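Work the whole structure out from these sequences, hints included.
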Amino acid sequence: MTSESLDAFVNNLETYGKIYGPVKTGESCSFQEISQSKEMALNYSRTMIPPKKFFLKLKERMFIFDERECEYEETLEDGKIVVFGIHPCDIYALKLMDKIYLDKNPDKYYQMRRENATLIGYSCHPDEYCFCQSQGTNYAVDGFDLFLHELKDKFLVRIGSEKGNKIASENSKFFMDVESSDIQEFREAEGKREKEFTLKLAINGLTDMLALSYESDVWKEYADKCFGCGSCNLVCPTCRCYDVVDNVNMDLKSGERQRMLNSCMLKKHGLVYGGKNFRPTRVERLRNRFNCKGSLREDMMNCVGCGRCTVYCPSKIDYVEVLRRVRGEL
Amino acid sequence: MSNELNPYLPRPANVTSVKNESLDTKTLRFRLINWTAPFQAGQFVQLLLPGVGEAPFCIASSQSDPKHLELTIMRRGIVTTASQYLRPGDAVGIRGPLGKPFPVSAFEGKDVLVVATGIGIAALKSLILYLVENRGKFKDVTLLYGARFPEDLVYRDEIRRWSEKIKVIITLSKATPDWAGLRGRVTDHLNEVELNPSTVAAVCGSPAVMTSIADELVNKGLKKENIYVSLERHMKCGIGKCARCLIMGGLLVCKDGPVFRASEIDIRAIGE
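So the protein lines, in turn, are chains A and B. Residues 1483 to 1812 (my numbering) are what the first sequence spells out, left to right. Residues 2 to 273 (my numbering) are what the second sequence spells out, left to right.
No lab work stands behind these hints: they were computed from the structure. Keep in mind that this is a model prediction, so the values were computed, not measured. Some hints here could point you the wrong way.
Below, in silico cross-link-like pairs of lysine-lysine (DSBU-like), each with a Cα-Cα straight-line distance of 30 Å or less [claimed, not checked]:
#1 B:K256 with A:K1541
#2 A:K1586 with A:K1539
#3 B:K256 with A:K1586
#4 B:K175 with A:K1758
#5 A:K1520 with A:K1577
#6 A:K1586 with A:K1541
#7 B:K101 with A:K1590
#8 B:K20 with A:K1758
#9 A:K1758 with B:K27
#10 A:K1539 with A:K1581
#11 B:K27 with B:K166
#12 B:K101 with A:K1586
#13 A:K1577 with A:K1500
#14 B:K101 with A:K1749
#15 B:K68 with B:K27
#16 A:K1577 with B:K101
#17 A:K1758 with B:K225
#18 B:K20 with A:K1735
Next comes the structure, spelled out in structure tokens:
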């Protein structure tokens, strides 16, 4: 696909749903609804809020209930969307979410939105906070419908799903066959990109290293810096904790059940009845978060190396630095 | 309704009876309306009180009756307090059964020790009932039950019945002068149980107690993989999504537990 045809291609994507793309808002970027490709800042580094927001709403209604009839009516409603310009790390993060939300007990709400969404990936260049190369999430093998690799005056497009194949064949006028010169150019661009990564994190055996560092002083040191605000959870593409509340109507008999994203850095997270808190201080909460991110889900770590928690931490706690300290490298 | 498809939707149940166990603890019996919950000992359910909220409780009845569930609830938080006001006929919602049960078939032919402290016995009751009902499958079965005050003891009538089939040791840590039975903590009385290297233990109590019992049993020669603990955490989804019940090592109490082998988890994780 040539660079010129991007505008027309994006316009055509409307057939597949509302288009969301990275738009510059203030100092950061955010996935917003767009009508044409010019509105997008496709050379963005990372959005503040990851694309999980399309699948796990900050707040959503699960069902309404009526005590008198003992009835629970689920509320499912959502339209089709196209998420354009999603980076490899965020694609991996969604793959991780899929492992949790689409296991043998699939989450209906998540599943519905996931099926309604078309993901179009877009190549990126790392900045000083990206460590996706260390996490092995810098190149998306699957998990997208289409993936656009930006070359000099064209895009190399990879198809990642049947849906992607359908879109490509329905828009075949935009696509040309790949020639050997394109492959050469793609290879060079990828090779150059691999060398652009400056931030490295040794992840071999990190899970065990974290378990062995349970009593480490590092946790106390960083917990003293931590505000316990939960920003890292909000911006993390793999953080998925949620809370559930019932909102009762004035008749005290009917109401709705809502769920909203929660944060393990907040005090309430480890609280059980009788006031017992399993993670009473920031030390335990910080250690818990790093243990969670460093634990393995099948073959993947719960962290994709997007760097958001470091960038958006108001107390400037550097995720990679903490793990290096835990390992004793610093 | 598409309950089969949406695991978040509770299914209807009615309260059929309420039994006072102690000053702040009641056992509620529920009849499931047009559905059954074929559960195994050790599993739990999410009890929803419309307009109040939802909380997880281990099933405290026999797995031979999947049409009725019993939950023993101590008044502590919001849902548990509201549940004290339930009366026969009241409607509630139930999701479950959830979680991994005790692997009872692995207990067969072995000595079984059940250690419960306080209301922790509610989480072990379904297991005790299974052991009592299938007594012939197991060698020596012992229930070591500890509480603080005499009035904290629950399941009094049932324990009397169980003691005809299994050995029961009850100890109180804050006994009143008129208490004729044993005094002290459960760990003080582990010596009274004959333990051998193949003994299987199931433990539930407060986190600190579970940690010390697990340590003590390991010291006495039990294998870590033969010690089972039933953990409790705050839960929202019950099916491994919301991560409220995360413990050390990325394990989720709702999905990977609530019953864990002591070898599976970091013993420190019991308390954290």
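Here's how the hints hold up against the structure:
Between the alpha carbons of B:K256 and A:K1541 the distance comes to roughly 24 Å, so the proposed pair stays at or under 30 Å and holds. Of the supplied pair hints, the one linking A:K1586 and A:K1539 holds, its CA atoms being roughly 22 Å apart against a limit of 30 Å. At most 30 Å may separate the alpha-carbon atoms for a hinted pair to count; B:K256 and A:K1586 meet this at roughly 11 Å. For a cut-off of 30 Å, the pair hint linking B:K175 to A:K1758 stands: about 21 Å separates their Cα positions.
Under the criterion of a C-alpha separation no larger than 30 Å, the hint pairing A:K1520 with A:K1577 is consistent with the structure, at around 29 Å. Distance hint between A:K1586 and A:K1541 is fulfilled; the C-alpha atoms sit about 24 Å from each other, no more than 30 Å. Distance check on the hinted pair: B:K101 and A:K1590 sit about 22 Å apart at the alpha-carbon level, within 30 Å; holds. Proximity of B:K20 to A:K1758 is assessed by CA-CA distance (about 27 Å); at most 30 Å being required, the pair is judged to hold.
Restraint check: the Cα-Cα separation between A:K1758 and B:K27 comes to about 21 Å, which is no more than 30 Å; the hinted pair holds. Using a Cα cut-off of 30 Å, the hinted pair A:K1539 and A:K1581 holds, with the two alpha carbons roughly 18 Å apart. Restraint check for B:K27 and B:K166: satisfied, since their Cα atoms lie roughly 25 Å apart, inside the 30 Å limit. Under the criterion of a C-alpha separation no larger than 30 Å, the hint pairing B:K101 with A:K1586 is consistent with the structure, at around 14 Å.
A distance of roughly 22 Å separates the Cα atoms of A:K1577 and A:K1500; the hinted pair therefore holds under the 30 Å criterion. As the CA atoms of B:K101 and A:K1749 are separated by approximately 28 Å, the hinted pair is consistent with the 30 Å bound. Of the pairs offered as hints, the one joining B:K68 and B:K27 holds, with about 20 Å between alpha carbons and a cut-off of 30 Å not exceeded. Between A:K1577 and B:K101 the CA atoms are separated by roughly 25 Å; this keeps the pair inside 30 Å, and the hint holds.
For the proposed pair A:K1758 and B:K225, the alpha carbon gap of about 26 Å is at most 30 Å, so the pair holds. Between B:K20 and A:K1735, the direct Cα distance comes to roughly 26 Å. Compliance with the 30 Å bound is thereby established for this hinted pair.
Violated hints: none; the structure is consistent with every hint.
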